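K.L.:
Going line by line, the protein sequences match chains A and B. Heads up, the first sequence stops at 279 in the UniProt record's numbering, and the numbers go up one at a time, no gaps. Heads up, the second sequence stops at 279 in the UniProt record's numbering, and the numbers go up one at a time, no gaps.
No wet-lab data here; the hints were simulated from the structure. You can trust all of the hints, since none of them are fake.
Which copy? The list can't say, so a pair holds if one copy fits it or any two copies do.
Below, simulated SDA-like cross-link-like pairs (lysine to any residue); rule was C-alpha separation at most 25 Å, straight line: (1) Lys126 - Ala193; (2) Lys126 - Val214; (3) Lys126 - Arg190; (4) Lys126 - Arg235; (5) Lys126 - Val107; (6) Lys126 - Gly140.
Keep in mind it's a predicted model, so treat the numbers as computed, not measured.
Protein chains: 2
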Amino acid sequence: MRDLARHPELLSINTATVRERWRLDEAIDGIARAGIRGIAPWRDQVAAIGLERAARMIRDAGLTVTGHCRGGMFPAGDAAQRRRIAEDNRRAVDEAAALGAQCLVLVVGGLPEGSRDLPGARAQVKDGIAELLPYAQDAGIPLAIEPLHPMYAADRSCVNTLGQANDLCAELGAGTGVAVDVYHVWWDPRIEAEIARAGEAGRLLALHVCDWLVPTRDMLLDRGMMGDGVADIRRLRGLAEAAGYDGMIEVEIFSAGNWWRRPPEEVLAVCAERFASVC
Amino acid sequence: MRDLARHPELLSINTATVRERWRLDEAIDGIARAGIRGIAPWRDQVAAIGLERAARMIRDAGLTVTGHCRGGMFPAGDAAQRRRIAEDNRRAVDEAAALGAQCLVLVVGGLPEGSRDLPGARAQVKDGIAELLPYAQDAGIPLAIEPLHPMYAADRSCVNTLGQANDLCAELGAGTGVAVDVYHVWWDPRIEAEIARAGEAGRLLALHVCDWLVPTRDMLLDRGMMGDGVADIRRLRGLAEAAGYDGMIEVEIFSAGNWWRRPPEEVLAVCAERFASVC
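So here's chain A without its partners, still in its complex pose (with noise of 0.2 Å):
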């Protein structure tokens, strides 16, 4: 398992994290500046500052940008909006492939509107990606597909489980895999399974971190800076080290009430401590 203290370079920055209160030109230079090595940005940001020099600065600024945020929400009530979701995210691989992205980050989506066919959304998610897929790997862009924890199953994502994602990868093949988020995954019985599959089949191509903190206040925005909750990060990356995973590790903080109310910066040198003292 690698020595996070000896490896500051192996923190990425997921710009949620500071999104309140930074633009993107910000968060790269601010990023950089605080000597962090990684970035992972959003495409309604990225698009505030125009893809171009989103993707000169951050090459500039030399960092590596570790995903892409993102793509999915592939259920849709009718084949008209299907098909604009399908163009949306052949968009959002370009993106990626103009950022220089090492993945795009599937978040799937739910229930499309009025619906209870939880079945029928992940078949249709299934479809998606296999839809997206042969464009992505024309791109060179491999499409990472985020489980997002079940309390997000109606709206945003109903794949809830690294054992579902696996189990899509296997179906959809090359060009396919995972990303691993600690937040969404910490409460998962098969959690060590699941992970030593994902790496045995070189599918771990994202590790995301934050904490689970006790109360949640929020289903959404109350997520934890590491060691503030209960999560066992580091158990979880010696999962994901142990399966081989080698890449840099992503904080994304969605905080309403907290981070996203501090200085970036501060915010920025209490992820970096924590990244060496509790991941």
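Model the placement of chain B on the given structure of chain A, informed by the hints.
P.N.:
Frame of chain A; chain B shown alone:
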């Protein structure tokens, strides 16, 4: 699959659904007055009116006790606490027997204070149930392990999937079974296989219903009336019945912002109507 519109006698009410407005004696009267045939009381409510009185009132009203809520909460920080918990669980078995309950529902507990050791908590759960089991068997009370939604893994239950509960039952053997609550399991991609597995082994001891609201505004107290959310209750009941479940169906709704504020008579009427039309 049973036609619930023709079988109102299959409805049971977990008293949590009306507990903000009714003491247990009032709930027993109100449930019987509504023509409902089953009840599942909570320990604190039983204690508040006295076990003997509660048992007599329920018997006199001719209500079936579909479960006693609840035993469990096994993981502890030290041996003394573990002993107190074990003793308390034996009292819960005694109460269940006195009430003539069909099972004692086990909400198994989460992480001990200050702990991040989820595998350790899970081991304590297994040991705790194993220790309680002979006592429960002597009393003729089946132990119904209820997997709780993964969002409760830290603070309420580290058994978070039906697969996990089935594994525990397989290891612990006769006298153990599962309580399947739609709210906790509706998202699970493996639910079909695991309900079938529980049924084959004769382990389906209870079926609880309510609904998953979008958005869910509170992780504990914002459960929905059947039909108001996105859980496919009928599909899940169908799976349970196809697997051999022929017991009553218990409505359990924690709803601080809505149903707990309404007159309990109205809540019971809506429960009965939705039971017939939605479940």
